[in-house]
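Visitor: Line by line, the protein sequences are chains A and B. In this text, residue positions in the first sequence follow the working numbering: the first is 8, and each later residue adds one. In this text, residue positions in the second sequence follow the working numbering: the first is 3, and each later residue adds one.
Hints in this document: simulated from the structure, not taken from any laboratory. One should not assume that every hint holds.
EDC-like, lysine to aspartate or glutamate: derived pairs with alpha carbons at most 16 Å apart [what the hints assert, rightly or not]:
(1) A/K9 with A/E27
(2) B/K61 with A/D77
(3) B/K4 with B/E17
(4) B/K61 with A/E27
(5) A/K9 with A/E26
(6) B/K127 with B/E138
(7) B/K127 with A/E20
(8) B/K4 with B/D68
Counterexamples of contact, computed for chain A against chain B with all Cβ distances above 12 Å [claimed, not checked]:
(9) K9
(10) L10
(11) L13
(12) G48
(13) E52
(14) A63
(15) D67
(16) D72
(17) P85
(18) G89
(19) G90
Just so it is clear, CB atoms sit at the ideal spot from N, CA and C, and this is done for glycine as well.
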Amino acid sequence: MKLRVLYFARLRERFGVGEETLDFAGATAADLVAHLQTRGGVWAEELAAGRAFRMAVNQDVIALDALLPDNAEVAIFPPVTGG
Amino acid sequence: MKILVQTDPFDLGAEVAAMSRGRTDIGAIASFVGLARDMNEGSGVAAMTLEHYPGMTEKALAAVVDDACSRWTLLDVTVIHRVGRLLPGDPIVLVAVAGSHRGEAFDACEFIMDYLKTQAPFWKKEETMEGDRWVEARASDDAAAARWQAS
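Bound conformation, chain B alone:
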């Protein structure tokens, strides 16, 4: 398991390669990368700054990964979330999940993203033409996380 909160960019290819290096039991690695967009809620976004709660962030991410590991048989998980000022097109978050087969890798990757969005203490502030604004939490993100409780 690898959980990092960092200002630096990450390299998806290097992270995925590191997961399977030296082992032959992994049959599938599913990965997700979230990117900063240039548009949100109808306004152009010039940049965003991600704030977090040092200490709790790492703890919350570890709890989400532990939860995923209790639901699926996973061989490795990498979660990297960036903080600080990011420009449109910059990668924000990486989740990569290794399993024996694709089913658990796909499902756990989506689960970790859905839970991360509603549980990990990060906050986005956007710079727009109309001024700076804090991003509001979305009900659709709560709904995405809640559907894992029903199944």
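Isolated chain A, as found in the complex:
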């Protein structure tokens, strides 16, 4: 499937990318995280188990076991700090 993946705030800066389009063979958000971890370096570090990050699919927050629809807009970001 094709995914548009967005990164925000500290993760955008550490990854050095704000947005990318991916051809992705997995099914769930956890599969996507595992795929990104294989890039190594900051990707493996920031997305390691136990690190605090959140994910949204089509602008709704989701859990790691959520299925990703084709052409989804997926976002990965740190816990929010507005207000």
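Following the hints, put chain B in place on chain A, whose structure we already have.
Guide: Okay, now just chain B, sitting in the frame of chain A:
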């Protein structure tokens, strides 16, 4: 309902006046304004930059306001959150809630702020003497939001 994400400052008096203009059923308007401080976690803060997730931010704020409207009978709600670079003393966020009586207005105003802080995709980056740093999420903010689930 009015939900705005903007770089420009806002005028609390004008926003509150707009809520009751032309209507006489409102008995109470509670408002909250959050300001940028010059100090955080023991360091002086010269400025901060607020980043957000355009699209999701508005959606998340609308969901928080909808949630408030399902818990209390509210007559109007205004939420304005600024993004971009802000200096100490600058207003960051405005929440104003109109109801028939003060009880629901006070409670819903605090609820919306507590939920906004933990649900809406905003991130603060501070400029300090020791360099720029992203603000970490606080457990106390999660606890403030969680207490509304118990009641």
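Visitor: Taking the hints in turn, state whether each one holds.
Guide: Each hint, compared with the structure:
1. A/K9 with A/E27: 11 Å, holds
2. B/K61 with A/D77: 21 Å, violated
3. B/K4 with B/E17: 10 Å, holds
4. B/K61 with A/E27: With a Cα-Cα distance of about 22 Å, the restraint between B/K61 and A/E27 is violated, given a limit of 16 Å.
5. A/K9 with A/E26: 13 Å, holds
6. B/K127 with B/E138: Given that 16 Å is the threshold and the Cα spacing comes to 9 Å, the pair holds.
7. B/K127 with A/E20: Holds, at about 11 Å.
8. B/K4 with B/D68: The hint holds at about 12 Å.
9. K9: Holds, since 19 Å exceeds 12 Å.
10. L10: 16 Å, holds
11. L13: The claim breaks: A/L13 does not keep its Cβ more than 12 Å from every Cβ of chain B (closest is about 7 Å).
12. G48: 19 Å, holds
13. E52: 15 Å, holds
14. A63: A/A63 is in fact no farther than 12 Å from some Cβ atom of chain B, at 6 Å.
15. D67: The assertion about A/D67 is violated, with a minimum of 8 Å to chain B.
16. D72: 20 Å, holds
17. P85: 6 Å, violated
18. G89: Violated, because the least Cβ-Cβ distance between A/G89 and chain B comes to about 3 Å, which does not exceed 12 Å.
19. G90: 4 Å, violated
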